[in-house]
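Given chain E, put chains A and L in place with the hints provided.
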Amino acid sequence: MVFLPYSTAASVLDTNAATPKTLLSIHNVAKHFGKNIVLRNISLDIAEGEFLTILGESGSGKTTLLRIVAGFESATAGEVWMGDERLDQRPPYRRRVNTVFQHYALFPHLTVEENVGYGLRVAKRPDAEIKTRVEDALAKVKMTAYAKVKPSKISGGQQQRIALARALVNRPKLLLLDEPLSALDANLRRQMQLELKSLQREVAISFLFVTHDQEEAMVMSDRIALLRSGELEQVAAPREIYSRPATAYVAQFIGHTNLLETEVRGGIARCSSLSWPVQLADGPALFSLRPENIAVVPPATLVVSGRVRLPGRVVNQAFHGATELIRVQCAEELVLIVRTPSSVAGHAEVELEFSPADAVPVRKSAERN
Amino acid sequence: MFSRAYKTAVTLPPLVWVAAFLLSPYLLMLCYSFWSVSAVQVIVHHWSLDNYRELLRVGVYWQTLFRSMWIAARVTIFSLLLGYPLAYFLSFHAGKRKDLFYQLVIIPLWVSYLVRAYAWKTILGSDGVLNTLLQYVHLTQHPLEFLLYSPFAVVLTLTHIYTPFTFLPIYAALEHIPRNLVEASHDLGATPGQTFWKIVFPLSIPGVLAGATFAFVLSLGDFLAPLLLGGPSGIMISNIVVSLFGAAYNWPLGAAISFCMLLLVGSLIFLSERLERKWSFS
Amino acid sequence: MELLVSGNRREATKGPRWLLAHAVAVFAFLYLPIAVLILYSFNGEGVGGFPPRHLTFDWYRVLFSDGPIWDSVWNSLHVAFAAMVISLAIGVPAALALDRAQFPGKALFRRLVLLPLILPGVITGLSLLMLFNAAAIKLSLLTIVLGHGTALISVATTEVFAGLQKLDRAQEEASLDLGANYWQTFWRVTMPNLKLSIIGAALLIFTLSMDEIAVSFFLIGRDNTLPLEIWGRLRRGITPEINAVSTIIFVFSLVAIVVWYRLRMRDGGTEAGMEVVEAVGGTAS
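Residue numbers (numbering that gives the first Met the number 0), protein chains in the order written: chain E, 0 to 368; chain A, 0 to 281; chain L, 0 to 284.
Any given hint might turn out to be false.
[To be verified] So these bits of chain A aren't anywhere near chain E, every CB distance computed over 10 Å:
hint: 1; residue: Ala19
hint: 2; residue: Leu22
hint: 3; residue: Ser23
hint: 4; residue: Val43
hint: 5; residue: His44
hint: 6; residue: Arg52
hint: 7; residue: Leu64
hint: 8; residue: Arg66
hint: 9; residue: Trp69
hint: 10; residue: Leu79
hint: 11; residue: Ile105
hint: 12; residue: Thr131
[Said to hold, decoys possible] The list that follows gives simulated cross-link-like pairs (lysine-lysine, DSS-like), each with its CA atoms no further than 25 Å apart:
hint: 13; chain 1: A; residue 1: Lys197; chain 2: E; residue 2: Lys130
hint: 14; chain 1: E; residue 1: Lys147; chain 2: A; residue 2: Lys197
hint: 15; chain 1: L; residue 1: Lys165; chain 2: L; residue 2: Lys105
[Stated by the list, open to error] Chain L side only, calculated, beta carbon under 10 Å to chain A, not exhaustive:
hint: 16; residue: Leu36
hint: 17; residue: Phe49
hint: 18; residue: Leu54
hint: 19; residue: Ala81
hint: 20; residue: Leu127
hint: 21; residue: Ile237
These are computed hints drawn from the structure, not numbers from a lab. Glycine residues also receive a C-beta, built at the ideal position from the N, C-alpha and C atoms.
Only chain E is shown next, with the shape it has when bound in the complex (with noise of 0.2 Å):
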């Protein structure tokens, strides 16, 4: 994986960080639909240049928000900023902003080359200056060989690339993609994925990509905007988001943990059979330990001093490829995921290892549907 030096630049709840030039602001942003709350006071802004992903699962509200900086959903409440003007009482086709569409919304009865050129010829630009600017877009996503095709005459990755032409010959100041690898199979996918990011690099425009796959977020995206029912539980970079996950959810969604409910009282986290020193007030707290960061270790071998010991007995094992994970029954009520290198014989008696430093405390995550 690969991230922009910027990329650990704070979140924007950091305002004081010397942060690139910010493009777009949403302002608490809400969207009711009639009594139906899909989003609740959004506040997001993004960098020049920046590739953020908004993150979430289906329902989570996330593509209506890509639709309100679009334009075609109006917000109930709350502003959407680029520079001084106000975007969000604008209609669609007065931003500075192009979408790739789910499904690619190319025009049926116009050839490759006429979508592409749509934006340009309805902006009512020269004739010569399209025709180049067709050019370079198609070239740029290497489709000129197909210029003079239908869209239905060409496969599903062919469509994506055209898409995104269509979207980029406009130069705009800001990209929105609506889940635009959802319809690829993997492979493709993969592939995509690493030519959108180098892409992305090349044209230094701004991209804020919908996805719900996680994976696909964390190799693409400076930051990502983790959105839960019309929420944002947190906005960070891929690494921060997956070692210092701020609630339950985040760390749920993000990869694999276990939660560890644990009672605190005098400097001392206890959850079952552990107990580990913690400089957390007296209280209940909630513990996100990566199964990476747990180690199976030969038995009768000394403790490392200041880590966690604790034996156990394998009960189910999942093979992963280079890695895998195991479910270790450490007493009644405390199963642990472990992530190991090597194959461990099923109800093996093992012994588990950690480091404190590893547990990362998170907030209990609001009830919600």
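Only chains A and L this time, still in chain E's reference frame:
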């Protein structure tokens, strides 16, 4: 997956029926058109092209055919002008009331054709609703005579009857346009006007063609509205056919005209289908 | 142009004013004759004449004691029912054949079946007249039944064909797999799935036949159907009695639409008659 017996059982009866009651009548009509009538009004089974020569020779057939086509063309244009914007309004702007409005367009179709034509007659007549209304409010002193028994009355009535027929396929075509295409067009900077002319209208052309074909073909062959409302100047080609089969008793000549109409209509349908296919992209 | 903004779909979308005004005008045009028709069925002063005066039920009273009209209504009901049976008996197998059998002349067959819907009634009517004449069949209600039955096969076929397209073929395969033969599968799986299409087609055929005049015009014998009875009276001079009988038929038709609409909507089906329109319109290839 279906056995031979199954396929035979479902194919044979319809084939036989259609051959007997659809194919053979048309073929018989073709045969008749080559026969003639003797002086004592008996059909002579003697094959010749005389009827077709007669059609080419006598001007009144041509004139009536052209008048019929002109009436049908006007009906088509008015039906499209009424039906298209209505279909567009329903499909794109009617919101939740879409189903209700749709039903409202359909309901007049359930009132018999004859009854609606008759209702127009009672509206347009010299002592009809419209003329007495105009005199009642003192807009006119005498009844307007051009309202009834004129091509105007025929065009008006046929437009009334075929507007829903034109509306239906246009509405179906508009409903089939994926809404994300409209969004994509706006997204790419096209104004609603540009979006309509560059995206919505081209994609609705198959519906327009189907609707226009309905209106043109059905009104071209109409003979009841002209009889009821047309007067002498509103006579259409089918009226000539009807009189040839009735009082004039020249079935062969009537069959020849019918067959020409069948050819004309058939080629129009064929043409319209070709164009529709050219403009459909699903 | 700004007025045309479609905005979003779920909130009320306001089109430009003139579109709404146009729609209202078209509806007024479509309903004007129907309103006049109904209004003047209660007019004591006869048809036409503004304003209507002496509102009365007299014409309905005259109508109810008018023997020939009721005979013709009775004839029309008979014809419509018989035509419905024929159209379904031929149209349903025809839809099955078009959906699942290959045979020579299939394309021609499909066209022939659909033709009467788009062809002017005068051609269908006259060609059948020549056939019955050649076969020395005397014109009667039977010839009208044959004419309607044949012309309306198209309705049954298109409706049922559309139903078959929606039917999951795997259901029939499962039935065969579970040991049912073709006959059992047809009655236990295929037909129940087509029930709504068939009821819809039946209602549509029945109503179309009740209203049909262009074909009947040429095939009529001694007994009149209702539209032909009305036609005959129109030529003799008009009375609001015709308005009255038309109003009654209209009300019955409305009830039929509501019934059909309910059935369709319960099934989440398409709008009434859309299959026929699309098949004839050629959008279904």
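What hints, given by number in increasing order, does this structure fail? 18, 19
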